[in-house]
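Asks: Single-letter residue listing:
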Amino acid sequence: QQCDFDDLIKLGGDVLLKALASSVLDKAGLQCTNVKATGSYANCPSDLKPMSCACGNACGSWDIQNEQTCHCQCANQDWSSARCCKIGTN
Amino acid sequence: QQCDFDDLIKLGGDVLLKALASSVLDKAGLQCTNVKATGSYANCPSDLKPMSCACGNACGSWDIQNEQTCHCQCANQDWSSARCCKIGTN
Amino acid sequence: QQCDFDDLIKLGGDVLLKALASSVLDKAGLQCTNVKATGSYANCPSDLKPMSCACGNACGSWDIQNEQTCHCQCANQDWSSARCCKIGTN
Chain A
108 QQCDFDDLIK
118 LGGDVLLKAL
128 ASSVLDKAGL
138 QCTNVKATGS
148 YANCPSDLKP
158 MSCACGNACG
168 SWDIQNEQTC
178 HCQCANQDWS
188 SARCCKIGTN
Chain B
108 QQCDFDDLIK
118 LGGDVLLKAL
128 ASSVLDKAGL
138 QCTNVKATGS
148 YANCPSDLKP
158 MSCACGNACG
168 SWDIQNEQTC
178 HCQCANQDWS
188 SARCCKIGTN
Chain C
108 QQCDFDDLIK
118 LGGDVLLKAL
128 ASSVLDKAGL
138 QCTNVKATGS
148 YANCPSDLKP
158 MSCACGNACG
168 SWDIQNEQTC
178 HCQCANQDWS
188 SARCCKIGTN
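Protein chains in written order, with our numbering: chain A, 108 to 197; chain B, 108 to 197; chain C, 108 to 197.
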């Protein structure tokens, strides 16, 4: 099988891009924090997104509102917490 | 301490790579959506992965199947939801 | 409206950086695994971070300790599990 110059350039570009991507992504990491609040709501800092919520009273029913807020749905929630993450540079 | 030309090149490369990684990762973000379904299962879209699950009836027992599906384990689940995310470009 | 050479360079750099970021981030993905253990604690592998926890006995009250460990808070936990992720190269 033959390949012309354009193929070589394209191949080289793919190899280079993959190597570059690997080097860049080696420096990428998930940076997370936990926010706990009294009551039914817990807010992530504005630059982080909620990945999950935990709730007092053993409650596992929750929803995420506006990509920012954990809402624990059970009655008489004593506490709510949000697990909040972003992509950062190590 | 002395350093030769190779050290300088290597040092420059590390600095450049770190700057490039920082610039590229500034444009990276977690893109997420919530999927709610009736019953015991909720599926993430194929290009997103489940980060967590929430369940009706206050249930906090769940598992993730095939890197795609939230399964709420309690009996008589009225609803299940999946928190689904991917890495995107801002 | 006029723009000088510096503007052109800056504009070109932004376009190039955006294209490069897009190409690199196309190769980025969330790589996740589930760790289930008996008792109240489940640990993520050292290179992954907990995104959420699930607990036996329908329990939805949990916390994440030291960015590594899921702790299910209800009494007599039969099992605990951790959803663990990192940024990887596809």
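Rather than coming from a laboratory, the hints here were simulated on the basis of the structure.
Just so we're clear, the structure is a prediction, and the values are computed from it rather than from any experiment.
Some hints here could point you the wrong way.
Note that the list lumps identical chains together, so a pair holds whenever it fits in one copy or between two copies.
Here are the simulated DSBU-like cross-link-like pairs (lysine-lysine), alpha carbons at most 30 Å apart as the crow flies [stated by the list, open to error]: (1) Lys-134 x Lys-193; (2) Lys-143 x Lys-125; (3) Lys-125 x Lys-193; (4) Lys-143 x Lys-193.
Asks: Are the hints correct? Go through all of them and say.
Replies: Right, here's what the structure says about each hint:
1. Lys-134 x Lys-193: both (14 Å within a copy, 12 Å between copies)
2. Lys-143 x Lys-125: neither (40 Å within a copy, 34 Å between copies)
3. Lys-125 x Lys-193: both (23 Å within a copy, 18 Å between copies)
4. Lys-143 x Lys-193: both (18 Å within a copy, 23 Å between copies)
Going through the hint list in order, the structure does not satisfy hint 2, though it satisfies all others.
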